[in-house]
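Visitor: From just these sequences and the hints, can you work out the full model?
If you use the working numbering, the sequence shown closes out at 557, no skipped numbers anywhere.
Worth double-checking, as some hints may not be accurate.
Pairwise CB distance ranges (calculated) [said to hold, decoys possible]:
no., residue 1, residue 2, range
1, Ala283, Val333, 34 to 44 Å
2, Glu85, Gly356, 35 to 45 Å
3, Arg337, Glu85, 53 to 63 Å
4, Leu336, Glu85, 48 to 58 Å
5, Pro505, Trp432, 25 to 35 Å
Hints listed in this document are in silico derivations from the structure and should not be mistaken for laboratory results.
Note that the Cβ used here is the ideal one computed from N, Cα and C, for glycine as well.
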Amino acid sequence: MAPRRPGRLELVALALIVALGGAWRLLEAKARYHEPLPFGDEYMYFVKGLGLREGRVLGDPARPWAPSARRAPLFPALISAAAGEPPEPGRVRLLQAALSVLSLLLTYAAGALAHSRLAGVCAAGLAAASPALAASPSVLNIEAVYGFLVLLAGAAFARWAERPDAGRAAAAGLAVAAALTCRSNLFAAPLAAAAWALRRHGKRAAVPALVLLACAYLPLAPWTLRNARWLGRFVPLEDKVATHVFYLASAGAVRGPATPRFSEERTPLLDEQVAELMEAEGAEELVGRMRSRTVENVLRRPWVYLWAWARRCPAVLAAHQRQVSAACLALAVVGLRLGPGPATAALYALLAYCLGLSTVAAFLDRHLLAAAPLSLCLAGIAVAELARRLGPGPEALPAPSGRRLAAGALAAGAAAASLLYGLAVWRLFQEWRGPRAVEARSRADQGWRALEARSPEAAAHFEAAAALLPRAPEPALGLGLARAARGDPRALSDLNAAIGLTHRPWTAYVDDASALCAAAALEARARLFAERGRAAAAASDAVRAARLRRIAAGPSM
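Guide: Pasting the structure below:
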């Protein structure tokens with residue numbers, strides 16, 4: 001039977017679902033628009049995004065001038081474009097909410113392309129009604145954006161599984177490439193899909209399989225070349241990001257840290273080793289120690305890791321069930337028993353891959369959110385298949401159907417993913433041309449050396465650093481100290497600027513570097529106040545400086 005255009009009832013239902021689901025997400029994001037970022041991944045990603053925009057370098061919050069590959073570039077690049085001026089996390093939340101509306105259309109597309117337009121409408125309705133998916137865009141973690149890209153890859157894989165030609169292989173590969181530029185979890189999915197195609201279709205699938213692999217991995221070239229230049233190593237994905245969770249798994253932990261603490265879970269092996277790990281000087285030494293301990297734990301005590309894995313499998317399923325509801329997960333399981341076609345089987349395979357990967361190392365519940373739309377889509381397909389079998393007959397539900405609208409939604413998703421990928425590559429190109437933060441760091445270091453030598457050139461170096469990074473407090477502090485040493489009356493305004501720049505209204509967290517910078521500026525300002533006979537102001541600044549130094553010297557979380 002020839003595919004028919006979606007009926008008016010399905011279009012009205014889909015429009016209502018997208019409108020209500022989108023409004024819920026936008027209202028959630030609006031309600032949290034001015035909410036400050038807590039310390040953790042939200043803070044880290046936002047700082048990375050600002051560093052990419054202002055300093056033209058993708059670094060770590062502790063060393064913003066040094067290029068790092070600990071996180072892939074796509075999400076920080078999105079933040080760099082969406083944060084606005086002055087930087088505001090609420091703008092990123094609203095953009096993520098808008099992207100989640102497109103995710104609802106993609107959920108419809110996946111269901112319609114894999115089964116029928118009724119399946120697409122049911123899948124979109126379940127996704128729109130999911131509290132976990134509705135709340136996700138208002139949090140500045142990577143899951144909302146990454147989940148959109150995983151869903152796009154799932155829909156593209158479903159099309160390719162139905163007819164594995166080169167064109168559909170290219171679309172699936174490019175969707176995976178965009179996801180890998182955001183997070184590296186799908187690194188093995190193209191290899192598994194290519195192996196499946198070769199096993200099922202033989203030699204005639206060789207060219208499409210090669211196209212799939214090329215389109216999935218070649219777009220990583222800009223990121224790989226960038227890392228080769230700045231790190232001097234071959235790093236095609238994220239660097240060392242999984243070291244922590246793999247170490248925790250090797251020590252018997254089921255879950256990863258839900259806070260900045262080293263671990264939320266106590267195990268005998270962790271208690272035995274954590275003190276030694278925390279003696280490491282710097283992040284690089286800590287990563288090295290965790291890697292060596294991971295290998296040692298797995299080789300010497302494999303039963304510890306295996307027992308943790310056995311407990312982690314039901315924990316992952318339980319966490320996933322809380323996100324999608326027990327009823328939807330049960331429907332997805334029922335659908336598997338109904339004999340899914342190739343397109344639906346591809347969605348099941350991707351869901352199994354995502355959940356299975358989460359069992360390998362210590363996990364957080366939010367890491368599973370990217371798989372939630374796949375489960376809800378499969379639940380919608382199960383509803384449609386049950387309706388087909390129990391209803392008036394197969395003529396009522398052509399399968400697959402609704403292709404035109406689904407193809408349009410898929411094209412819109414692909415366009416959004418292409419824009420995000422292009423933005424990430426553009427930011428990497430800007431970094432390649434010369435990070436402002438690196439030059440600013442160099443000029444600030446020259447300024448500190450000149451200030452120590454009492455050279456009059458110190459102020460010029462700090463002025464140059466401040467021009468490169470006007471939001472950085474350290475150049476303003478150095479300039480204030482240099483001018484104060486020369487008796488320049490502008491020193492007070494420079495110190496005031498340094499103190500103001502350490503205050504970030506978008507977060508309640510004060511990092512150690514900002515605390516120390518503010519303390520030094522307050523101490524210098526206290527001396528200026530004392531020289532001018534303003535004893536009360538000097539004493540107040542001295543007290544504030546002492547408090548900030550205690551914060552910086554306190555125990556790290």
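Visitor: Next, verify each hint and record whether it holds.
Guide: Outcome of the hint check:
1. Distance hint check for Ala283 and Val333: the Cβ-Cβ separation is about 42 Å, which falls inside the suggested range of 34 to 44 Å.
2. For the hinted restraint 35 to 45 Å between Glu85 and Gly356, the CB-CB distance of approximately 43 Å keeps it satisfied.
3. Taking the beta carbon of each, Arg337 and Glu85 are about 54 Å apart, inside 53 to 63 Å as hinted.
4. Hint check: Leu336 to Glu85, Cβ distance near 50 Å, so the stated range 48 to 58 Å holds.
5. At about 32 Å, the beta-carbon gap between Pro505 and Trp432 stays in the expected band of 25 to 35 Å.
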